[in-house]
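Visitor: Can you make the complete structure from the sequences, with help from the hints?
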Amino acid sequence: MNSTKIHLSKLDLHYGKQHILKNIESEIPEKKITVILGPSGCGKTSLLRCMNRLTDLHPDAHLSGKILIDGTDILSSNEDITNIRKMMGLLAQRPYPLPMNIFNNVAYGLRISGRKKKKYLHHRVEHYLKLVNLWDEVKDRLHDPAVALSIGQQQRLCLARGLAVDPQIILADEPTSALDPQSSQAIEEKFMELKEAYTIVIVTHILRQAKRIADYVIFMYMGEVIEQGPVNEFFENPKQEKTKEYLKGMFY
Amino acid sequence: MRKMQVRLSRAMRNNIHGFWMVICLALVIILPVTMAAGLYWKSSVLLHENSLLSLVFSKEWKPISGQFGFYPFIISSVWVTMAALLFAAPICLLTSIHLTQYAKRWVLKVMHPVIDILAGIPSVIFGLWGILVVVPFIGNYLGPWLGKQVSGYSILAGAIVLAIMIIPFVLNILIEVFKNIPDELTEASLSVGATRWQTVKFVLLKKGMPGIVAAFGLGMSRAFGETIAVLMVVGNVTRIPTGLIQPGYPLPALIANNYGEMMSIPLYDSALMLSALILFVVVLIFNLISRYIIIQCDEKC
Ligand SMILES: Nc1ncnc2c1ncn2[C@@H]1O[C@H](COP(=O)(O)OP(=O)(O)OP(=O)(O)O)[C@@H](O)[C@H]1O
Ligand SMILES: [Mg+2]
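Order-wise, the sequence lines are chains A and B.
0 is the number of the first residue of the first sequence in numbering that gives the first Met the number 0; add one for each residue after it.
0 is the number of the first residue of the second sequence in numbering that gives the first Met the number 0; add one for each residue after it.
A couple of the hints might just be wrong.
Said to hold, decoys possible - Only pairs whose alpha carbons sit at most 25 Å apart, straight line, appear in this in silico DSS-like list of lysine-lysine: (1) A:Lys117 - B:Lys200; (2) A:Lys16 - B:Lys200; (3) B:Lys108 - A:Lys16.
FYI, nobody ran anything at the bench for these hints, they're computed from the structure.
All values reported here derive from a predicted model rather than from experimental measurement.
Guide: Laid out in structure tokens, this is it:
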């Protein structure tokens, strides 16, 4: 029932001499929403980037420890890095549509992994655009450049792009911070639906949002995990001083 | 009352400064316009007697008998420029992609000033290098290897020298283009399972395309107008070039070699002015198109 999807063990991240993540230990439950909280600069984004191995892009980043996904360590496994990344859809703080039309944005991940049949692509693109509630808004202009969409639409498009490669995990870094209240709510509701099928990890600064959507909460401070636990316990009965202060809004 | 005076004179000084700035600005703008007008005025003598089209497409260059066909020069210019661009393009693209996407950060940090220094080398030095290295290589090895007896002074020599000259210039712009593409775009592509190279091919090249076109447009206008380095190695033979290792005679070389001599021949100076005007307009157009693309891109991206 409550099995672990991602197991972080003794995870340390350095950027050059800077120690960014310190001995992170966590078990992220499968098919639940896990929210990462913490003041700015505490390493939330960095933690997400580790899980997707985007830290590989930084020549001066050094990562040690283990990230086990379904028991396999993605930091040491011989698995192709592209397959590891495909397991996880990434949603950035601001949407970054690829420089191509709406249709191709969603089809991109499928195309580059070799699935090129037109009919199949059409079917998939429609499916995922419907899944993120974007289909009705764009079905008549699938061949317009994706940058012409509103920010909220772009964020949903990026979600569809990530989902189209059939990941098991969704990593979202402040996915609603650039959105208006309505679009935010739409995304939030989407996540509530998606957790039926996906393991979701969200970074947010909005405590109320965390309370609304989280099943499990991880609280970080200065690169360390201070406290973690099920959402009710975390908000109603925090054990650490730092957590209590944070919940009072002290670190804002 | 005194206060009033101070304020007045300040305002006046301000106005005077403003006046000079406007004058300087006007100079910068008016100078090229008057230059173009002057060139046109001087060359109009020739244009009265022949139509521009017939001059541009006529192959006969016999100033003594009043025949001024620019075709050999224009074709030489086009060949040298195109060949140079063809050599430089893949090198610039691959180098800039490597430096911005694959290389360690210190490599770019070291390369940046190196490229700047290369861009600042006077063109006469490139010309010398061409005479000492490229020309003998073509004359002694490449020509015989192709079964041709050539001096080595050729379109190819000009193109190679030009390519080397514009590489640092174009490279600098391309590096900026690729650096300005947000990392998040690369990450978005990678996170749906693309490889590094797929990301370059499908996302970065596409996103950077306007900048890439503009970079090569600027490189092209540089190459088209470059005079001394090309003049030194290109052979300067008035003939329509029949091959890359044959000599040519580009427009800038024509002007530089002949202006001030042979001026007693009627219409000769007018013909040289017309070639200068053609050069001026072509380079201006390349530049304008490139700048326009850059501006368009800045607004959209
Ligand atoms: N590429 C990098 N090179 C060096 N240091 C970095 C890099 N990226 C992040 N850092 C550092 O890592 C620390 C954590 O940054 P991170 O972006 O993970 O914080 P965050 O918790 O996501 O903050 P925010 O809430 O503001 O987004 C910061 O001190 C930051 O300066
Ligand atoms: Mg962050």
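Visitor: Can you name, in rising order, the numbers of the hints this structure does not satisfy?
Guide: 2
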